[in-house]
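Q: Residue numbers (our numbering), protein chains in the order written: chain E, 1 to 220; chain L, 1 to 315.
Just so you know, not all the hints are guaranteed correct.
As the list claims (entries may be wrong) - Simulated crosslink set (SDA-like; lysine to any residue; CA at most 25 angstroms straight-line):
1) L:312 <-> E:54
2) L:286 <-> E:47
3) L:90 <-> E:82
4) L:90 <-> E:80
5) E:138 <-> E:160
6) E:138 <-> E:194
7) L:304 <-> L:291
8) L:248 <-> E:54
9) L:290 <-> L:273
10) L:248 <-> E:10
11) L:290 <-> E:95
12) L:286 <-> E:1
13) L:78 <-> L:162
14) E:32 <-> E:72
15) L:248 <-> E:125
16) L:312 <-> E:138
17) L:290 <-> E:218
18) E:40 <-> E:130
19) L:312 <-> L:299
20) L:90 <-> E:81
21) L:90 <-> E:74
22) L:160 <-> L:109
23) E:32 <-> E:94
24) E:161 <-> E:215
25) L:286 <-> E:102
26) E:138 <-> E:218
27) L:78 <-> E:6
28) L:290 <-> E:97
29) L:312 <-> E:47
30) L:228 <-> L:266
31) L:90 <-> L:162
32) L:90 <-> L:71
33) L:160 <-> L:263
34) L:228 <-> E:99
35) L:90 <-> E:75
36) E:40 <-> E:112
Hints were generated in silico from the structure; no laboratory data involved.
In case you want the letters, here they are:
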Amino acid sequence: MHGVFDIVGPIMIGPSSSHTAGAVRLGLMARKILGEEPVKAEINLHGSFARTYRGHGTDKALIGGILGFAPEDERIREALHIARNKGLDFSFQTVNLEEAHPNTAVIFLTGQSGRMARVTGASVGGGNIVISNIDGYKVELTGQYPALITIHHDCPGVITKVTQILAHAEVNIAFMRVSRQNRGETAMMIMELDEQPAPEVIAECQQAAAVQYAFAIPAI
Amino acid sequence: MPAGRCSAVCLCHSGYLRSTRGDKESMVNFNTIGELAALAAEAQQPIHEIVIQRECHVSQTPRNEIMESMGQNWATMKASIERGISNTEKSLSGLTGGDAKKLFAYRRQGYMGEQVLAAAAYAVGISEVNAVMGRIVACPTAGSCGIVPAALYAAQQERKLTDEQMVRALFTAAGIGMVIDQNASIAGAEGGCQAECGTAAGMAAGALVELAGGTPAQVGNAVALAIKNLLGLVCDPVAGLVEVPCVKRNGFAAIVAMLAADMTLAGIDSVIPVDEVIDAMNRIGKALPKSLRETSEGGLAVTKTAQAIEQKLYG
Numbered sequence: 001m002h003g004v005f006d007i008v009g010p011i012m013i014g015p016s017s018s019h020t021a022g023a024v025r026l027g028l029m030a031r032k033i034l035g036e037e038p039v040k041a042e043i044n045l046h047g048s049f050a051r052t053y054r055g056h057g058t059d060k061a062l063i064g065g066i067l068g069f070a071p072e073d074e075r076i077r078e079a080l081h082i083a084r085n086k087g088l089d090f091s092f093q094t095v096n097l098e099e100a101h102p103n104t105a106v107i108f109l110t111g112q113s114g115r116m117a118r119v120t121g122a123s124v125g126g127g128n129i130v131i132s133n134i135d136g137y138k139v140e141l142t143g144q145y146p147a148l149i150t151i152h153h154d155c156p157g158v159i160t161k162v163t164q165i166l167a168h169a170e171v172n173i174a175f176m177r178v179s180r181q182n183r184g185e186t187a188m189m190i191m192e193l194d195e196q197p198a199p200e201v202i203a204e205c206q207q208a209a210a211v212q213y214a215f216a217i218p219a220i
Numbered sequence: 001m002p003a004g005r006c007s008a009v010c011l012c013h014s015g016y017l018r019s020t021r022g023d024k025e026s027m028v029n030f031n032t033i034g035e036l037a038a039l040a041a042e043a044q045q046p047i048h049e050i051v052i053q054r055e056c057h058v059s060q061t062p063r064n065e066i067m068e069s070m071g072q073n074w075a076t077m078k079a080s081i082e083r084g085i086s087n088t089e090k091s092l093s094g095l096t097g098g099d100a101k102k103l104f105a106y107r108r109q110g111y112m113g114e115q116v117l118a119a120a121a122y123a124v125g126i127s128e129v130n131a132v133m134g135r136i137v138a139c140p141t142a143g144s145c146g147i148v149p150a151a152l153y154a155a156q157q158e159r160k161l162t163d164e165q166m167v168r169a170l171f172t173a174a175g176i177g178m179v180i181d182q183n184a185s186i187a188g189a190e191g192g193c194q195a196e197c198g199t200a201a202g203m204a205a206g207a208l209v210e211l212a213g214g215t216p217a218q219v220g221n222a223v224a225l226a227i228k229n230l231l232g233l234v235c236d237p238v239a240g241l242v243e244v245p246c247v248k249r250n251g252f253a254a255i256v257a258m259l260a261a262d263m264t265l266a267g268i269d270s271v272i273p274v275d276e277v278i279d280a281m282n283r284i285g286k287a288l289p290k291s292l293r294e295t296s297e298g299g300l301a302v303t304k305t306a307q308a309i310e311q312k313l314y315g
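From just these sequences and the hints, can you work out the full model?
A: Given below as structure tokens:
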């Protein structure tokens, strides 16, 4: 059974929990995954998102999230304007992704340093989201929990090493998923955690053998 | 697992919990409105108290934090009402905006009386705020966000109730919504509008009865009466937007909630008990064709006028 605040709540900017509040969270998640201030956002919209995004303010919601606004932030309705003033270059395109969830967005972000991220996610109802792909890796991330993500060389022992670091820090793993492009090449591991890991824990994961990059995303 | 972190009782409901802040009381839980009312009657406490205790336990959050969060919800609801009844701004589509203000100005001239018309104006107003990308509290959804706050705020104004009483009433409403969510649905895409506006009306009706000093069984009775009169309501929004018929419908549903509460308090019983009504709602929702579950492929959404609106908006 859901909790009281799933029924009376959340506080949000309208008009739609799926097309507005969920869209803000998708944008916010893409920003957290990029990990720095975005300067460019190219967004592809599929299905119901593609058909009704102007009427629901889905475009403003996604850009609001990319700017770092929370779903209850009243600046969302001015988000496109604010983005232009801040020099965020953004564009929207409607696409047909065939079997994807009807409220799917593919967000390509470029950050200040030139770092890029491609995030695919869907707004699945009630403001809830599922991120299904990050930079070509299949993932399943809801934003309800803080997450630790590693990009690492696909070889034995990496999972043990990283989970040991979390165990020592007494951080519990709620959900976990490992994905790779090809055997022996680059792999991605995503762990949704019961609490946000301390910066030293993330740094220790980053130092682990075969880990190329480790970063944490807070719950949103 | 380190000893003493949480009791065995909470472990079986919540898995491995790290917080040590939760109370050690045994878990209160309910799966039906009947069970919720029985727990309250047995403890000789109002329904909201049972709902608060369960929430403290399940979320492992202290009571004062939970009360504070609900207080923020109530403050946001009241702000959206004030904005709604003075709103003249049109929505992004231009389909709605300004009607709550008209109804509020008219409230002393109508057939239904000032308090009822004010409640309808509040509900329409909150929905208009939602449609102009204003700040609202989903209750249980954004599309049905006007009903519970409107009915409660009208009661507060009429009976001079405190904000603390209203916050407690929101827990009563939440408990009702939690059961409906679990045993039927609160999503228009799954169960049609009955799942959104029907649920909201049931939540509001039950909360109004408890505010008036009704028994836990009477709370359930009011939920039954309200939902029965919105059963079968389909979700067929014009152009896929949360505007037509949603905005005005919030006003109608707020009045259904108030009448259900008054009928109950007058001593009128629902022949069909509340949990059977919720079961019927679930079965009706499942029987609804996809075209009438938020796809805008049937009902009002495919009328000549709606098609013309859609053509104009999306080309």
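Q: Indicate, hint by hint, whether the structure satisfies it.
A: Evaluated hints:
1. L:312 <-> E:54: Between residue 312 of chain L and residue 54 of chain E the Cα gap is close to 13 angstroms, so the pair holds against 25 angstroms.
2. L:286 <-> E:47: Given pair residue 286 of chain L, residue 47 of chain E holds - Cα atoms ~23 angstroms apart, limit 25 angstroms.
3. L:90 <-> E:82: holds (21 angstroms)
4. L:90 <-> E:80: Holds: residue 90 of chain L and residue 80 of chain E sit about 19 angstroms apart, inside 25 angstroms.
5. E:138 <-> E:160: Holds, because 21 angstroms separates the two Cα atoms, which is no more than 25 angstroms.
6. E:138 <-> E:194: Status holds; Cα separation ~22 angstroms.
7. L:304 <-> L:291: holds (16 angstroms)
8. L:248 <-> E:54: Holds, at about 22 angstroms.
9. L:290 <-> L:273: violated (28 angstroms)
10. L:248 <-> E:10: Holds - the C-alpha atoms of residue 10 of chain E and residue 248 of chain L are around 22 angstroms apart, at most 25 angstroms.
11. L:290 <-> E:95: holds (23 angstroms)
12. L:286 <-> E:1: holds (20 angstroms)
13. L:78 <-> L:162: holds (13 angstroms)
14. E:32 <-> E:72: Holds - the C-alpha atoms of residue 72 of chain E and residue 32 of chain E are around 18 angstroms apart, at most 25 angstroms.
15. L:248 <-> E:125: holds (23 angstroms)
16. L:312 <-> E:138: violated (39 angstroms)
17. L:290 <-> E:218: Given pair residue 290 of chain L, residue 218 of chain E is violated - Cα atoms ~37 angstroms apart, limit 25 angstroms.
18. E:40 <-> E:130: Holds, because 23 angstroms separates the two Cα atoms, which is no more than 25 angstroms.
19. L:312 <-> L:299: Between residue 312 of chain L and residue 299 of chain L the Cα gap is close to 19 angstroms, so the pair holds against 25 angstroms.
20. L:90 <-> E:81: holds (19 angstroms)
21. L:90 <-> E:74: holds (17 angstroms)
22. L:160 <-> L:109: Given that 25 angstroms is the threshold and the Cα spacing comes to 23 angstroms, the pair holds.
23. E:32 <-> E:94: Within the cut-off at roughly 24 angstroms; holds.
24. E:161 <-> E:215: holds (15 angstroms)
25. L:286 <-> E:102: holds (20 angstroms)
26. E:138 <-> E:218: holds (20 angstroms)
27. L:78 <-> E:6: Cα-Cα ~19 angstroms, so holds.
28. L:290 <-> E:97: Holds, at roughly 21 angstroms.
29. L:312 <-> E:47: It holds: about 19 angstroms lies between the C-alpha atoms, which stays within 25 angstroms.
30. L:228 <-> L:266: Holds, at roughly 18 angstroms.
31. L:90 <-> L:162: violated (33 angstroms)
32. L:90 <-> L:71: Roughly 29 angstroms between the alpha carbons, so the hint for residue 90 of chain L and residue 71 of chain L is violated.
33. L:160 <-> L:263: holds (22 angstroms)
34. L:228 <-> E:99: violated (37 angstroms)
35. L:90 <-> E:75: holds (18 angstroms)
36. E:40 <-> E:112: The hint holds at about 9 angstroms.
Violated hints, listed in ascending order, are 9, 16, 17, 31, 32, 34; each of the other numbered hints is respected by the structure.
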